[in-house]
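In order, the protein sequence lines correspond to chains A and B. Numbered per my numbering, the first sequence spans residues 20 to 136. Numbered per my numbering, the second sequence spans residues 17 to 127.
One should not assume that every hint holds.
Listed below are the simulated EDC-like cross-link pairs for lysine to aspartate or glutamate, each with C-alpha atoms no more than 16 Å apart in a straight line [stated by the list, open to error]:
no., chain 1, residue 1, chain 2, residue 2
1, A, Lys33, A, Glu82
2, B, Lys95, B, Asp23
3, A, Lys60, B, Asp55
4, A, Lys60, B, Asp23
5, B, Lys124, B, Glu31
6, B, Lys114, A, Asp107
7, B, Lys61, B, Asp73
8, B, Lys124, B, Asp23
9, A, Lys33, A, Asp107
Heads up, incomplete: computed chain B residues facing chain A, CB under 7 Å, no partners named [unchecked claim]:
no., residue
10, Pro60
11, Ser68
12, Tyr113
13, Tyr115
14, Phe117
Label pairs and their in silico Cβ distance ranges [said to hold, decoys possible]:
no., chain 1, residue 1, chain 2, residue 2, range
15, A, Ser24, B, Pro30, 36 to 42 Å
16, A, Pro129, B, Ser42, 26 to 32 Å
17, B, Gly70, A, Asp46, 27 to 33 Å
18, B, Asn81, A, Ser24, 34 to 40 Å
19, A, Glu78, B, Ala45, 15 to 21 Å
20, B, Pro24, A, Thr101, 45 to 51 Å
21, A, Lys33, B, Ala45, 45 to 51 Å
22, A, Gln79, B, Pro24, 22 to 28 Å
23, A, Glu78, B, Ser97, 44 to 50 Å
24, A, Gln79, B, Ser97, 36 to 42 Å
25, B, Glu31, A, Gln79, 40 to 46 Å
What the hints contain is simulated information worked out from the structure, not anything from laboratory work. As the structure is a prediction and not an experimental result, all values here were calculated from the model. Even for Gly, the Cβ is constructed at its ideal location relative to N, Cα and C.
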Amino acid sequence: GAVVSQHPSWVICKSGTSVKIECRSLDFQATTMFWYRQFPKQSLMLMATSNEGSKATYEQGVEKDKFLINHASLTLSTLTVTSAHPEDSSFYICSATRTGTGYETQYFGPGTRLLVL
Amino acid sequence: RKEVEQDPGPFNVPEGATVAFNCTYSNSASQSFFWYRQDCRKEPKLLMSVYSSGNEDGRFTAQLNRASQYISLLIRDSKLSDSATYLCVVNPGAGTYKYIFGTGTRLKVLA
């Protein structure tokens, strides 16, 4: 089956630190990856669409200079939370699209829990 | 109106019960539909895609009603392990792979 990994799974950092999260598709190539954020007891909110070899597309209200996305290869996308603050503490989840199935199923990584002190 | 709406629950049902969830979507041009399951503090996992003709996978049955713009999930013979949040997901189509998530319906199966 399609496997997506994320690293790290947990991050605790001081306010002002930049945090980099990696998302990898392990057994398929992913032209498109997505980054979501989920606060407690809320649904997943799409932050941005990451396309290999091009700039990410950000959702309304998401600061592109704060959440830097790089999709350098067909199996790796990274999200960098720059100058993180306590309000950025959340569960960040990536997904990768496996194309060619007709329904473009997204497969999710295990998520990264970020706690900014 | 939210793009994808679900009753947040919780639905508390005894083991062996049959339970059904509905989800409505606002964009009539939406292309594809899914049910995902999310356990506490975990990532969503695909439960099943929802086809126009409806589909069944073991104890789980999904239906799509395009005229009324809703999808449903039926779980028969509930197990304790079915306790989770069930997310309704819609792909609006129009050349995008984006997903729109509902807020999820929480199910608790009681012994």
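Quick rundown of the hints versus the structure:
no., hint, result
1, A:Lys33 <-> A:Glu82, "violated, 20 Å"
2, B:Lys95 <-> B:Asp23, "violated, 21 Å"
3, A:Lys60 <-> B:Asp55, "holds, 12 Å"
4, A:Lys60 <-> B:Asp23, "holds, 13 Å"
5, B:Lys124 <-> B:Glu31, "holds, 9 Å"
6, B:Lys114 <-> A:Asp107, "violated, 23 Å"
7, B:Lys61 <-> B:Asp73, "holds, 15 Å"
8, B:Lys124 <-> B:Asp23, "holds, 14 Å"
9, A:Lys33 <-> A:Asp107, "holds, 11 Å"
10, Pro60, "holds, 5 Å"
11, Ser68, "violated, 12 Å"
12, Tyr113, "holds, 5 Å"
13, Tyr115, "holds, 6 Å"
14, Phe117, "holds, 5 Å"
15, A:Ser24 <-> B:Pro30: 36 to 42 Å, "holds, 38 Å"
16, A:Pro129 <-> B:Ser42: 26 to 32 Å, "holds, 31 Å"
17, B:Gly70 <-> A:Asp46: 27 to 33 Å, "holds, 30 Å"
18, B:Asn81 <-> A:Ser24: 34 to 40 Å, "holds, 37 Å"
19, A:Glu78 <-> B:Ala45: 15 to 21 Å, "holds, 19 Å"
20, B:Pro24 <-> A:Thr101: 45 to 51 Å, "violated, 33 Å"
21, A:Lys33 <-> B:Ala45: 45 to 51 Å, "holds, 46 Å"
22, A:Gln79 <-> B:Pro24: 22 to 28 Å, "holds, 24 Å"
23, A:Glu78 <-> B:Ser97: 44 to 50 Å, "violated, 34 Å"
24, A:Gln79 <-> B:Ser97: 36 to 42 Å, "holds, 38 Å"
25, B:Glu31 <-> A:Gln79: 40 to 46 Å, "holds, 44 Å"
The structure shown violates the earlier hints numbered 1, 2, 6, 11, 20 and 23.
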